[in-house]
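What follows is the residue order along each chain.
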Amino acid sequence: MPPQTLRVIYSAFRMAMLHWMADPQWVIPNVIAPFVFTFVALTLFKEASGPFGLYAVLGGGMMGMWGNTLYASGFAIDFEKWQGTLEEVVAAPSNLLHVVAGRSVSNALFGLTNMAAILLIAALVFRVPLGVANPILFTLSIVLTLLSVSALGLIFASAFVLSRYAQVFTNGLEFPIYVISGSMFPIALLPLWVHPAAYILGPTWGIEAIRTAAGQTEVSLNLWQYMGVTDVFLTFWLNIGVMLLITLAYVAIAAFLFKKVETKSRRDGTLVQA
Amino acid sequence: MNLLNPLKIFVSSALFSFRAQFGWLYPPMWFTMKFVMSLSQMAFFVFVGQFLLLNNPATRPDIVAYIAIGNAIQMLSWNTVFSVINITSHDKWDGTLPLLLATPAHRLPLFVGRAMMHVFDGILSVAISFVFAVFLFGVNFGNTDLLALLIVVFLTAFTMSGFGLLIGGLSFHFRNPLVFANIFTFILLIFCGVNFPVEALPQPLQAVSHIFPLTYGVDAGRKAIAGATLTDIAPLLGQMLLVGFISIMLGYIFFRSFENMARKTGQIEAV
Numbered sequence: 001m002p003p004q005t006l007r008v009i010y011s012a013f014r015m016a017m018l019h020w021m022a023d024p025q026w027v028i029p030n031v032i033a034p035f036v037f038t039f040v041a042l043t044l045f046k047e048a049s050g051p052f053g054l055y056a057v058l059g060g061g062m063m064g065m066w067g068n069t070l071y072a073s074g075f076a077i078d079f080e081k082w083q084g085t086l087e088e089v090v091a092a093p094s095n096l097l098h099v100v101a102g103r104s105v106s107n108a109l110f111g112l113t114n115m116a117a118i119l120l121i122a123a124l125v126f127r128v129p130l131g132v133a134n135p136i137l138f139t140l141s142i143v144l145t146l147l148s149v150s151a152l153g154l155i156f157a158s159a160f161v162l163s164r165y166a167q168v169f170t171n172g173l174e175f176p177i178y179v180i181s182g183s184m185f186p187i188a189l190l191p192l193w194v195h196p197a198a199y200i201l202g203p204t205w206g207i208e209a210i211r212t213a214a215g216q217t218e219v220s221l222n223l224w225q226y227m228g229v230t231d232v233f234l235t236f237w238l239n240i241g242v243m244l245l246i247t248l249a250y251v252a253i254a255a256f257l258f259k260k261v262e263t264k265s266r267r268d269g270t271l272v273q274a
Numbered sequence: 001m002n003l004l005n006p007l008k009i010f011v012s013s014a015l016f017s018f019r020a021q022f023g024w025l026y027p028p029m030w031f032t033m034k035f036v037m038s039l040s041q042m043a044f045f046v047f048v049g050q051f052l053l054l055n056n057p058a059t060r061p062d063i064v065a066y067i068a069i070g071n072a073i074q075m076l077s078w079n080t081v082f083s084v085i086n087i088t089s090h091d092k093w094d095g096t097l098p099l100l101l102a103t104p105a106h107r108l109p110l111f112v113g114r115a116m117m118h119v120f121d122g123i124l125s126v127a128i129s130f131v132f133a134v135f136l137f138g139v140n141f142g143n144t145d146l147l148a149l150l151i152v153v154f155l156t157a158f159t160m161s162g163f164g165l166l167i168g169g170l171s172f173h174f175r176n177p178l179v180f181a182n183i184f185t186f187i188l189l190i191f192c193g194v195n196f197p198v199e200a201l202p203q204p205l206q207a208v209s210h211i212f213p214l215t216y217g218v219d220a221g222r223k224a225i226a227g228a229t230l231t232d233i234a235p236l237l238g239q240m241l242l243v244g245f246i247s248i249m250l251g252y253i254f255f256r257s258f259e260n261m262a263r264k265t266g267q268i269e270a271v
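Just so you know, the sequences run in chain order Z and Y. For the first sequence, the numbering used here begins at 1 and goes up steadily by one. For the second sequence, the numbering used here begins at 1 and goes up steadily by one.
Think of the hints as simulated: they come from the structure by calculation, not from any bench. No experiment lies behind these values; they were computed from the predicted model shown. Think of the CB as a built atom: it goes at the ideal place given N, C-alpha and C, for glycine as much as any other residue. Hints may contain errors.
As the list claims (entries may be wrong) - One-sided and incomplete, this derived list gives chain Y residues near chain Z with beta-carbon spacing under 10 Å: (1) Leu-25; (2) Tyr-26; (3) Leu-39; (4) Asn-176; (5) Val-179; (6) Val-194.
Stated by the list, open to error - Distance ranges between label pairs, derived from CB positions: (7) Z/Gly-131 x Y/Arg-256: 51 to 57 Å; (8) Z/Arg-14 x Y/His-106: 23 to 29 Å; (9) Y/Asn-56 x Z/Ile-200: 30 to 36 Å.
Turn these sequences into a full structure, and let the hints steer you where they fit.
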């Protein structure tokens, strides 16, 4: 990646950080749902033995990343419209995709604050054991999932440039992804017809990898079971591999869509009216 | 004094506040979102319950119905709490707040009227959610006392709009009411016995549950679906109405105190 691209991504990342620090209360709408959902799950699971605590805590962290990224994607464009800066951002020679990518990563990172709060409550209130089997693989899987979630956010952001209803989409897309990605339960519980939708989501594979690195001792994703893969360590790398492929596909799709959307809004002159 | 005036103010406040949301929300999308939100929230918690049921023999066998009914009734909070608090947000963002404070209209019907269409919108959300509960998650409504359930849903929506007005009134004093809308809609999932009994909460938190009308509404709704009559659940409904009435009055006091402060200091949106 050329240094100027990295500079644009970093600048957008830094600007999003500064916006957040200027008005930190805005993180609340972004992470309140994952926090509450995890609290509810931990309360439901508190009398049960087994891997429930792990599912709740790690799922809550992943949901926090997703919630924040989705809000960042939807709200970033609306925010620019309200501030009257969208024209300048689009007119600047920097690629809009890179600008949104920097913001998307920074907001997924903020989502991790939700994971920290959940870990704290899980440990102090619910006494969930929080030992991580393999800290290096655990960190790696979280970082790669964060990037995958950010890349998925880019695809949505491209559509949000064209729509006046980005915030509505944002609200509507938050919960379905929590369900379909099996963030807090095995996707085997979902109806079979939903499984293809789960498999094309990077977070589905990411949360599996995170759980394995944290200490899940059995292969739970249906696809690997069907293929006869029984080694947990192998499924970790398979999950990471599939997630990386999906993430690259997301980036390619987002780049294509951003180009199309930008060209269309420049040609039609509908950027801020949309 | 013409008695029809407060009624006209009440009705026009109800209609305009509801219609105003379509300034930023495309009506077909509003309708679609009712289905998406109802289904996805309910499905999330039902699958969590099923996961528990399959792997933990001590789990209550009716957990799916318990969760599905709780979430179906809680869905009215998106309309009666989130949307009602959001009226305050839009008053601030859309520049209508100074006009609202300048009008000579009587404040009580103006303030309470704002939430009223959202009561019916909330009832529609519950009806959609009940359909999902029956056809997707197999909840049995065979023993339901229909009259009791209808009254429970209506009174829960009405009293929860009172709670929305309370937080909406309070949030006049703050810059970003949307933050309050998010917090106070979601914490209902923790405090109101939606997914687990209130008794499962730590002792100090259980007392908090009683300030939310939804706690009584969810309990009464489950009982009506199990066959309890209106007489059986009357004490719960009475408590809910009392809490709802206090909420409306407190919300009105917050609104009037904000108005007085705004007139004295000249600060309106820029609180």
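Of the hints given before, which are not true for this structure?
8
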